[in-house]
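Chemist: Top line first, the protein sequences correspond to chains R and X. Reading the first sequence from the start, the letters are residues 1 to 633 in the working numbering. Reading the second sequence from the start, the letters are residues 1001 to 1078 in the working numbering.
Certain hints may be false.
Claimed, not checked - Here are some chain X residues pointing at chain R (derived, C-beta under 10 Å):
{"hint": "1", "residue": "Asp1025"}
{"hint": "2", "residue": "Glu1030"}
{"hint": "3", "residue": "Trp1034"}
{"hint": "4", "residue": "Leu1037"}
{"hint": "5", "residue": "Asn1048"}
{"hint": "6", "residue": "Val1052"}
{"hint": "7", "residue": "Pro1055"}
To be verified - Cut-off 30 Å, straight-line C-alpha distance, at most; resulting in silico cross-link-like pairs (DSS-like, lysine-lysine):
{"hint": "8", "chain 1": "X", "residue 1": "Lys1069", "chain 2": "R", "residue 2": "Lys255"}
{"hint": "9", "chain 1": "X", "residue 1": "Lys1069", "chain 2": "R", "residue 2": "Lys494"}
{"hint": "10", "chain 1": "R", "residue 1": "Lys242", "chain 2": "X", "residue 2": "Lys1075"}
{"hint": "11", "chain 1": "R", "residue 1": "Lys328", "chain 2": "R", "residue 2": "Lys283"}
{"hint": "12", "chain 1": "R", "residue 1": "Lys242", "chain 2": "R", "residue 2": "Lys283"}
{"hint": "13", "chain 1": "R", "residue 1": "Lys255", "chain 2": "R", "residue 2": "Lys242"}
What the hints assert, rightly or not - Facing chain R, according to a computed beta carbon distance under 7 Å, are these residues of chain X, among others:
{"hint": "14", "residue": "Ile1010"}
{"hint": "15", "residue": "Ile1020"}
{"hint": "16", "residue": "Ala1021"}
{"hint": "17", "residue": "Thr1026"}
{"hint": "18", "residue": "Ala1029"}
{"hint": "19", "residue": "Leu1031"}
{"hint": "20", "residue": "Phe1044"}
{"hint": "21", "residue": "Ala1045"}
Quick caveat, the hints were computed from the structure, so don't treat them as lab data. We put the beta carbon where it would ideally sit given N, CA and C, even for glycine.
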Amino acid sequence: MTRTDSASGLRPDDALAHDLEAARAHEVPPADLCLRIARAHAARGETTEALAWLAAVPRAADSFVAWQGATRLLGQVGGEAAGARRTARVAVLGTYTTDQLTPMLGLALHALGVRADLYDAGFDQLQQELLDPESGLRAFGPTHIVLAVHEGAARLPELGDDPADEVAREAARWRGLWDRAGARVVQHAFALRPDPPLGHLGLRVPGARQTMLAALNAALGEAAGDDVLLVDCDRLAGAWGKDRWFDDRYWFLAKQAVALDALPLLARHTAAVVAADLGLTRKCLVLDLDNTLWGGVVGEDGLGGLRLGDGAEGEAYVAFQERILALKRKGIVLAVASKNDEAEALRVFDEHPAMRIRREDIACFAANWDTKVDNLRLIADTLGLGLDALVYVDDNPAEREIVRRFLPEVDVLPLPSDPARYVRALSEYLLFETTTLRREDAARTEHYRARAQAAERRLELGDLDDFLRDLEMTATIAPFDEVRLPRIAQLVGKTNQFNLTTRRHSLETIRGFMAEPDTVTLFLELRDRFADHGLVGVLVARRDGDALEIDTWLLSCRVIGRTAEHAMLAELAARAEALGIARLRGTYVPTERNGIVRELYGTLGFERTGDATWEYDLAANGRPASDFVTVDG
Amino acid sequence: MDSHARLEEIFRSVLGDGSIALTDDTRAAELPGWDSLAHINAMFAVENEFGVEFPGDEFARLETIGDLKAALAEKGAG
Chain R
1 MTRTDSASGL RPDDALAHDL EAARAHEVPP ADLCLRIARA HAARGETTEA
51 LAWLAAVPRA ADSFVAWQGA TRLLGQVGGE AAGARRTARV AVLGTYTTDQ
101 LTPMLGLALH ALGVRADLYD AGFDQLQQEL LDPESGLRAF GPTHIVLAVH
151 EGAARLPELG DDPADEVARE AARWRGLWDR AGARVVQHAF ALRPDPPLGH
201 LGLRVPGARQ TMLAALNAAL GEAAGDDVLL VDCDRLAGAW GKDRWFDDRY
251 WFLAKQAVAL DALPLLARHT AAVVAADLGL TRKCLVLDLD NTLWGGVVGE
301 DGLGGLRLGD GAEGEAYVAF QERILALKRK GIVLAVASKN DEAEALRVFD
351 EHPAMRIRRE DIACFAANWD TKVDNLRLIA DTLGLGLDAL VYVDDNPAER
401 EIVRRFLPEV DVLPLPSDPA RYVRALSEYL LFETTTLRRE DAARTEHYRA
451 RAQAAERRLE LGDLDDFLRD LEMTATIAPF DEVRLPRIAQ LVGKTNQFNL
501 TTRRHSLETI RGFMAEPDTV TLFLELRDRF ADHGLVGVLV ARRDGDALEI
551 DTWLLSCRVI GRTAEHAMLA ELAARAEALG IARLRGTYVP TERNGIVREL
601 YGTLGFERTG DATWEYDLAA NGRPASDFVT VDG
Chain X
1001 MDSHARLEEI FRSVLGDGSI ALTDDTRAAE LPGWDSLAHI NAMFAVENEF
1051 GVEFPGDEFA RLETIGDLKA ALAEKGAG
C-alpha cells in the first residue's frame, strides 16, 4: 500500500498543520493520513473535526489497519449525535467472530451520516439471542439486526438426496428466525466457497452442497420480499477474490470466516443497505456533459466531432449512459449541469444517433455559463430536493473541487480519467442502493420534470472569490510564435462561444499579424492546481489611429469563468502603453453562438461608443486589474 | 515509511492508542489493552502489510518488537 510521509518529529500542532496541508493536495486524501489528522484533532479535544476526518477514512480505502485505528478512535470520541443525518441501533448476530466487523459497520455508517449504537452478540450466538426473550439483544432494543453468516452455518448436507426439500427446510428455518427479530433484518446471503469438493461436476448435481447453497440464496431472496434486506455477499466475495476472502488459517485460528481485510468492504455494503432503509438514498444524479457523457467538447468539436458510439472510447461513453439509464429505471432522477450553450447541448441529446440518454430522461437541464455551484442550487431548488439528495459527476477535478468546497452536502463522484472505468466508478457509489424497485420509482423523473417546468427561476450567484484564489492559476501570456501558430490558428478557426468577432483568419493571415509593428498578438496558456489547460486564449489588436482595435479575442470554453480574460486585458493594456497608445477599442460581432460575450466589454469596464463598439481609456481608468491569475514569463 | 514506523502504526491502530511508541525491546503482551483479539488483529495486519505469513504459533512466540523485526527480515520483508 502507498503511504504518505510521516510527520513525526514535529511538534503536534506543526504536525497537524503539515498533515492538513498534505491532505489538501489530494482529491481523496489517503486513509492513513485522514486517521492521523483525526487523532490529532481528537487529542486537542476537537470532536467535530475528528469525527469529520474519521468519516473520510472509509471513503479513502478499504485498508484494514486504517479502519482498525479509525474504529478504535470512533469508539473513543463518538457518542454525540450532532451532525448525523440519522440514528440507528444496530445489532450484529454472527455465526463467526464479528468483533472486528461490528465496529467497522459503525464506522461505515458514520461515513454515511448515520450515528449508530452497536451491539455485538459474540461468536455464534445468533439463534440463542433471537429466541431468548431475556437476551442482551432484547435489552439493547435494536432498530436493525444484521445476520452476519458464513456458508458453514447453512444446515445443508454435503450431498442431499432431496435437494429441493433440503433447501426449502433451511429457508424456512431462516424465515422463522426473521419472524423472531422484532426489528428490520439485514441478512447476509451466503458467500460460496471457491473450492467445492465435487468440482465442475457439482453444477450438474442438484444435491451438491454448493448447488443447494445457491438455491438457498435465491429462496431467501424470494422470501425476503419488502420486509428483509439482503446483502449479496457472494457477489462481494467474488469481486474481492474468493481465494483471499476465504482464509482458512484465520478460521482455524480465530473463527474468522471472512478475511479481515475484506471486512471494510463488507461493512460498507452492509451500511449502504441500512442507510437506504433509513431513507438516505441519494435521489438525483447530476451530470456534466463534455467528456462525461461523451468524448470531446461539443462547443469546440461540434456534433460530428464527438467521440460517442464508435471506437473503444465511444463505446465506453455509451456503456456509461446505459448504466445511468439503469439507475433512472430504479428511480434515480437525472439532471444536467454543464458549462455549455443550451441549444447546442440539447442538439446532442436530440440528434446524435449514439446518444442513449434522451432529453426527456433529464428532469432538469441546466446548460449555461453560470458556475456549477449555482446550477446545482438551481437544480435542487427546481426539483424541490435538498442539496443532500444530489450526487454530482464530472470528469473535471477543478469542477469537482469547487462543488465539494461550496456545497459540502452534495456528494461528488470522482471519475477516473479513462471513460472505460466510468461504469465501475458509478457502480461503486453506494448511496444509490435502494430497498425496493417499483413502477412508481421509474416514474419519478416524470414527476420531477413536471415540477421543474413549473418552477423556472434563477438563484443568486454566490461569491466564488475564495475558490478562484484557491485554484492558484498561473498564466503565460506572450506574443504569437511559430511553434504555437498551428494551435492558435486552430482556435481561431473553431472557437464559437467566447469569441468576440469570430473572424476566421487563415494561418497565413495570422502569421502576417506577427510581422506588423503596431499589432499586438497575445496567446494565453493557463495552469491551475489541478490541470494544465494548455493554450486556451488568443488575442489580436491592431492600431487604428490613436486606438488599439481588438480584431480577434477568444477563449476556449474549457476555461470560461476563470477570469482569464482579465489577465489578457491587463497584458494588452501594458503593451498598448508601450506603443504609446492610450485607448483600447473592442467590437462585439454577434453570431448564433457567442451570446455569452455580448456584454463582456461592459463587464470589463469599457464604455459603449456605438451599437457594438466599446472603448477603454487607459489614461482615465488606469490599467485593468486581474485578481486571480498570476502571469509569469 | 520504514518498517519500524509501519509496525508502530499497526500497533497504534489495533490498540486504539495513537501515542504508542515502540522500541525493539517493547513486549507486545505488555502493551495496555493487549488481548487475544488485538493479537489476531496485529498478526493479520503485519501479514497483510508486509506480505508474509506466520504459520502455526510463530507469531505468538515472538516476544519483542525486535524479535518481530528479525522474523520479518528472515522472511525477506523487513
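Chemist: Next step is simple, just say for each hint if it's right about the structure.
Modeler: We went through each hint and held it up to the structure:
Annotation: Asp1025 (chain X) was flagged as interfacial toward chain R, and the flag is violated, the nearest CB pair being 19 Å apart, outside 10 Å. A hinted interface residue such as Glu1030 (chain X) counts as satisfied when its beta carbon comes closer than 10 Å to some beta carbon of chain R; here the least separation is about 19 Å, so the hint is violated. For the restraint placing Trp1034 (chain X) at the interface with chain R, the shortest Cβ-Cβ distance is roughly 13 Å, beyond the 10 Å limit, so the hint is violated. Restraint check, Leu1037 (chain X) versus chain R: the minimum CB separation of about 5 Å is within 10 Å; hint holds.
The interface hint given for Asn1048 (chain X) is met, as the beta carbon of that residue sits about 5 Å from the closest beta carbon of chain R, less than 10 Å. Checking Val1052 (chain X) against chain R by beta carbon gives a least distance of about 13 Å; that is not within 10 Å, so the hint is violated. Because the smallest distance between the Cβ of Pro1055 (chain X) and any Cβ of chain R comes to about 8 Å, under 10 Å, the interface hint for this residue holds. Restraint check: the Cα-Cα separation between Lys1069 (chain X) and Lys255 (chain R) comes to about 27 Å, which is no more than 30 Å; the hinted pair holds.
For the hint pairing Lys1069 (chain X) with Lys494 (chain R), the CA-to-CA distance comes to about 63 Å; that exceeds 30 Å, so the pair is violated. Among the hinted pairs, Lys242 (chain R) with Lys1075 (chain X) is consistent with the structure: their alpha-carbon atoms are about 25 Å apart, no more than 30 Å. The suggested pairing of Lys328 (chain R) with Lys283 (chain R) holds, with an alpha-carbon distance near 10 Å, which does not exceed 30 Å. Under the criterion of a C-alpha separation no larger than 30 Å, the hint pairing Lys242 (chain R) with Lys283 (chain R) is inconsistent with the structure, at around 33 Å.
Only pairs whose Cα atoms come within 30 Å are accepted, and Lys255 (chain R) paired with Lys242 (chain R) is accepted, the gap being roughly 17 Å. The beta carbon of Ile1010 (chain X) comes within 6 Å of a beta carbon in chain R, closer than 7 Å, and the hint placing it at the interface holds. Taking 7 Å as the C-beta cut-off, the interface hint given for Ile1020 (chain X) is violated, the closest approach to chain R being about 11 Å. A least Cβ separation of about 9 Å between Ala1021 (chain X) and chain R goes past the 7 Å threshold, and the interface hint is therefore violated.
Against a cut-off of 7 Å between C-beta atoms, the interface hint on Thr1026 (chain X) is violated, since the closest Cβ of chain R lies about 16 Å away. Annotation: Ala1029 (chain X) was flagged as interfacial toward chain R, and the flag is violated, the nearest CB pair being 17 Å apart, outside 7 Å. Hint status for Leu1031 (chain X): violated, given a least beta-carbon distance of 13 Å to chain R, over 7 Å. A distance limit of 7 Å between C-beta atoms decides the matter here; for Phe1044 (chain X) the minimum to chain R is near 5 Å, and the interface restraint holds.
Restraint check, Ala1045 (chain X) versus chain R: the minimum CB separation of about 5 Å is within 7 Å; hint holds.
Figure legend: structure checked against the earlier numbered hints; hints not met, in rising order: 1, 2, 3, 6, 9, 12, 15, 16, 17, 18, 19.
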